[in-house]
Every structure is written in structure tokens, then in C-alpha cells.
Amino acid sequence: MAVTNAVNRGKQPSLAQLRAFAAVAEHLHFRDAASAIGMSQPALSGAVSALEEALGVQLLERTTRKVLLSPAGERLAVRAKAVLDAVGELLEEAEAVRAPFTGVLRLGVIPTVAPYLLPIVLRLVHERYPELDLQVHEEQTSSLLEGLAAGRLDLLLLAVPLGVPGVTELSLFDEDFVLVTHGDHWLGGRQDIPRDALKELPLLLLDEGHCLRDQALDICREAGRTDGTPVTTTAAGLSTLVQLVAGGLGVTLLPRTAVEVETGRSPVLATGYFADPAPARRIALAMRTGAARQGEFEEFAVALREALADLPVRVLAG
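Letter 237 of the sequence shown, counting from 1, is numbered 237 in UniProt numbering, and no numbers are missing.
Hints may contain errors.
Straight-line C-alpha distance at most 30 Å; calculated DSSO-like pairs for lysine-lysine [unchecked claim]:
1) K81 <-> K11
2) K11 <-> K66
3) K81 <-> K66
No lab work stands behind these hints: they were computed from the structure.
Go ahead and model the full structure; you've got the sequences and the hints to work with.
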């Protein structure tokens, strides 16, 4: 045993071997694993065999039909992924140190923010950070948080608070909600709508999964609306929601940044504003706590707050 350990210590696993094994452990199929990491199937098989030799343990059970992880393979697959993640973070930090605001930035945005803030974000990146390769992913909050935790996304733009451990929020602004009605509705055009007006209104909301739906329902509950008051859920996006209001099917709540874009498409719509303090939501950037690019993201938040100054929102101090 002592001789075996001495031999194994002289054979350090390579990153390529660990990558090959991690891919096989994930896919349990040599062809799929090879395709996933851009390696030929013989090279992948050879890398895994070399890793088994270097470690002195059998990682896989190979049959003619399928590939299984051995008990040792199951344990070491977790370690291999941790090593690869750590190497990825090392490379990411080195890149950030070498040249901030270069390389890829994978930004996740919720659907009720993307159409209204992305023009400002894109202009900011184009003018101030031309070397930054911004990649935008529009998804619902739960999917964005999963992507952030898994390393698929670097930075999020969404409504907070999130209350998620390991996620740091960089608040950008608060914005009021506006009541959108048909033009002949008795609340259309008012500037002092009391919150309790929401108690009995035929309210149209987004589908399940949108954080804006949950925020609107919270506002209604605060206004005294009971769970028994029907809420019609018929839209997957704000544009459809507003068109339903234009068709006389009810009223809805829009965040202030969406009002000009969404209500400008129909002359039959009216907007009403709530008496102070109006119901509102907070928008922020979110990143992994302790992210290698934390300083870069904080600087980006400062620049974005400046770029948002002309919007009908209350920009927050950093």
C-alpha cells in the first residue's frame, strides 16, 4: 500500500482529466460527455483511464450498454467539480485583475424590467465599456437565481429584496406602481387614488412565477383585499396585460418605468396615480457574495444609477 501511494503521489491528475471525468459523471455517456466538452470520444476515454491510474481507484463501471459511477467515482465526482469550479474562479479573478470591464458579462434580467431598462444598460455599456462582451438572459426570478448560484450568470437585474443567502444586492432605485384603466374608468386620470380602492377592482395580473404578480398581490392584501376577491390571471407579459385593459376586461398595475412604453400603444387607456406613500418596488443588481468581480460590479452599479437619472424613479445612493 505504501508503494502504491508513493506512485500515485508522483502522478498528479491534470485539469483535462478532471474535466473529462466530470463530464462523464454528469452525462453517464461517453459520446454525450465528449460532445459537451469538445473532446473526441477516444481522447475522453483515455483521459478518464489516465485519471483512474493516477488516483489508483476505479471511477467508472463500463458495460456494453451504459456507464455507471463506482462508489469511489460518486465521491470523487463531487471533488472534481469543486476543483474545476475553483480553477474557474481563479481564472475569472485573474481576468478581472488584468482588465476590468473586459471579457464576458452574463447579465440576467426579469421580463418586467428588461424592455424598459435594457436600452439604458446597453447604451451605458456601449459608451463606457466598449470592451465588455455583454450577454443578456431574460428569465423569471427563480431561474435567474439558479443561474447565478450555478455560475451560468454573473449579475442579475431584478426586483428585491430577495432574502437569498450568498447573494449581495446593489440597490438602484425605487419606482411607484401606477393603476392602468380604460379611459372611461372612474379612477382614470386621478392623482390621489387611495390604496383601498384596490379592494374590489377587477384586477388583471401576470401568470404565476412573475415576481410582479406577487408584489401586486401583496399590495392588494395591504389595501384590505381578501383572498376571496377574484383575480383574473390571463397574461404572460405586460404588453398583453395592458391590451386586455384596453379591451375593457379590467384594470392592472404597472411599474412606473413601463407606463410610457405600454400605455402609449392605445389611446383608450388612462393612468391613475396613488396618494403618498404610493405602492412601489425596488430594483437592484444582484451578485454572488464575494464574487471575484465584486469591485467591478459595484462600479457598474454606480454608473447605472447615474444613467437612470432621467427616469421617473427615485434613484438610491450606493
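We went through each hint and held it up to the structure:
no.	hint	verdict
1	K81 <-> K11	holds (19 Å)
2	K11 <-> K66	holds (28 Å)
3	K81 <-> K66	holds (22 Å)
In summary, this structure violates none of the numbered hints.
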